[in-house]
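Asker: Protein chains in written order, with my numbering: chain A, 566 to 674; chain B, 2 to 116.
Heads up, some of the hints might be wrong.
[What the hints assert, rightly or not] Here are a few chain A residues that face chain B, going by a calculated C-beta distance under 7 angstroms:
1. ALA606
2. GLY607
3. LEU610
4. LEU662
5. GLY667
In short, the hints are calculated from the structure, not lab data. Built from N, CA and C at the ideal position, the CB exists for glycine as well.
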Amino acid sequence: GEDVEQSLFLSVREGDSSVINCTYTDSSSTYLYWYKQEPGAGLQLLTYIFSNMDMKQDQRLTVLLNKKDKHLSLRIADTQTGDSAIYFCAEKGNNRLAFGKGNQVVVIP
Amino acid sequence: DVKVTQSSRYLVKRTGEKVFLECVQDMDHENMFWYRQDPGLGLRLIYFSYDVKMKEKGDIPEGYSVSREKKERFSLILESASTNQTSMYLCASSLAGVLSNQPQHFGDGTRLSIL
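Please model the complete structure; the sequences and the hints are all you need to start from.
Answerer: Dropping the structure here:
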């Protein structure tokens, strides 16, 4: 079955870059996702990457995928206070997603 | 934009009550999901459904049941609520497709407290 691991907490100064890491176990995963959860809200899809890609850039977000090591990362450039949230990575299995436990990012002004 | 609507943001019920959590999506999605979210445990899948009247157990189905009578609506039922079911409940939906990119879209969540 799928298992997704994330570190739990990251603090970063406003304007710096943030990097959130995630490891997964299912090598047959076709898509990997990053979701953002702001306080008191549901999960919002941020970006995704197809498993045959190494990198995807979307404005301030850069996703890196190392299939060999089953490692996924999300880099947020020029981190803003509005980026304070919990970030979840997820891998796609059989019509369902396996989520990591989330990584709380706190942006210090 | 996909809209997933959960009927209540906050709900307070008593131990032993039968509790219904409702979720409606407006994008004709085949798949619908119920998760609970607890600090330090992330999201855990309770039940999901591929189609009307279809349901599959997730990772933690004990104490819950579901109903999918219409494609757009997926209900989570706590048959006899207990205090350990106090949690944030999240509903999600997606199009079908094992190999294609079909991300899940989430509602805003229902924070349920069982007293």
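Asker: Indicate, hint by hint, whether the structure satisfies it.
Answerer: The hints, checked one at a time:
no.: 1; hint: ALA606; verdict: 6 angstroms, holds
no.: 2; hint: GLY607; verdict: 4 angstroms, holds
no.: 3; hint: LEU610; verdict: 5 angstroms, holds
no.: 4; hint: LEU662; verdict: 6 angstroms, holds
no.: 5; hint: GLY667; verdict: 5 angstroms, holds
Figure legend: structure checked against the earlier numbered hints; every hint is met.
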